[in-house]
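Novice: These are the residues of each chain, in order.
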Amino acid sequence: MMKVAYYPGCSLHSTAREYDISFQLVCRKLGIELQEIPHWVCCGSSPAHVTSHLLSIALPCKNLILAEEMGLDTVVAPCAACFNRLKIAKQEVAEDSKLKKEVQEVLGKPSAGKIEVKHPLQVIIEDVGLKKVEEMTRRKLQGLRVASYYGCLLVRPPSVINFDDPEDPQSMDNLVSALGGEALPWAFKTECCGASFSLSETDIVFELSGEILNEALEAGAECILVACPLCQSNLDLRQKGIEKRRGKKFNLPILYFTELLGLALGMSMRQLGLSRHIVNPSKLLERKLAVT
Amino acid sequence: MKCSIASDKFRRKFAEQIEEICGERISLCYQCGKCSAGCPVAYAMDYLPSQITRFAQLGLIDKVMKSSTIWICASCQTCSVRCPRGIDLAKVMDALRILAKRKGIVPKEQIAPLFDGIFLGSIEKYGRLNELSLITKLNMASGRPFKDVSLLPIMLKKGKIKLKPQKSNPGKEVRYLMRKVEKLESK
Ligand code: SF4
Ligand code: SF4
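In order, the protein sequence lines correspond to chains Z and X.
Each residue of the first sequence is one higher than the one before, counting from 1414 in our numbering.
Each residue of the second sequence is one higher than the one before, counting from 12 in our numbering.
Okay, chain Z solo, but in the shape it has when bound (with noise of 0.2 angstroms):
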């Protein structure tokens, strides 16, 4: 059994406790052991590195040290934003002896940098593979035609995430194909849906997350799937806003690839946690997969 570190960060612990229930229960399924790092902190998100560029790093460096202290080798980071910080901070520290040296003075001891950082969605793809996954599969997705979002901070900036294609990412439409699903082409799978504006740009993101869900619409999708809880959240706590805006009916349901891939596995939409969406995802769920 693999078993890794589990960093959910804040936002799983409370706008996306579905993210975190599908999670765990899908890596239990695959075979994959989750230990949480003890009194983990806040990666300190955007608001750290538009303000302090040691305090961007030093928070991503605190959790690290205390992933390594547990004794593992990698560590697990499902909200796209701590995965960016994380693997920038490690990035950082290993390239710039100075900022090294800093972090060290602030934390009080240094990071071994050995640690690895990756993405549910790499684990899944790289670790335990799309063959066993199809293997294991217990319910097609029955030709639902989806979107798959991936968003800025999954993918940007390549050099340093090293996953994926940075303008057309494929890893969330080769796992739908492999469920069985129709993964729809399209061409928003990267932009940006406002991100951590949703509080005080909301406009922002009523704009750019309505772009998004009109582009889906159009290409013909049933739900959009997505890999971050700030796309998850702009996307379907702020659709009724911006149908509101726009005179369009959207009623996308925006569901985490954890819950679909956990559904294909053969559990309920109760177990994942389902009715924790804002667009109610069970009728076209019911319909089409006739789950419940």
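Because the hints were derived from the structure by calculation, they are not lab data.
Source: prediction; values computed, not measured.
For every residue, glycine included, the Cβ atom is placed at its ideal position computed from N, Cα and C.
It is possible that part of the hints are untrue.
[Claimed, not checked] Now the stretches of chain Z that chain X is said to cover, found in silico as 3 or more residues with beta-carbon under 8 angstroms:
(1) 1457-1468
(2) 1567-1577
(3) 1609-1618
Given the coordinates of chain Z, assemble chain X with the ligands onto it according to the supplied hints.
Specialist: Frame of chain Z; chain X with the ligands shown alone:
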């Protein structure tokens, strides 16, 4: 557009400050405009991202800091991936915000920096983000007390926010960490 440019020495100093914070050299920019063409937020900015780079090259600090551009840049990094001169413009935007905050010249009407401050305050106190207090504090600070209030009942019902803040045990450690960062940076 008519504007007076800063002295050579001053321009160099500004470019150096940016480079010191983020490691990026704005002098490399040759104004192709590719960053602006792909920027998803360009429609809402008063100056395009490429204009900001040009102003920065010319040492026009005030114009840069008072623009809406650097405050509503969403850090999406589209520009960084596409710049033919290899400039990570998202990092430059970060550096400009950091400089403005250090110099205490953040425009009052910008809401994003209020958000940043309240967010970091939550981490300092709890070690983690406390969404509910973030929403209420930001609303008060930005003079929009009822913003998103209609969303609160459904968020509570769906378990998306909690009344009780989530905490990390080493909350105090984070406070200590942040103090140390501040101290090192003020040196
Ligand atoms: S893409 Fe790069 S070189 Fe072109 S204008 Fe923008 S920053 Fe300058
Ligand atoms: S990082 Fe900022 S400036 Fe660059 S494309 Fe994104 S929003 Fe525009």
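Novice: All hints, please: hold or fail.
Specialist: Tested hints:
no., hint, verdict
1, 1457-1468, "holds (count 12)"
2, 1567-1577, "holds (count 3)"
3, 1609-1618, "holds (count 8)"
Every hint, counting from the list given before, is met by this structure.
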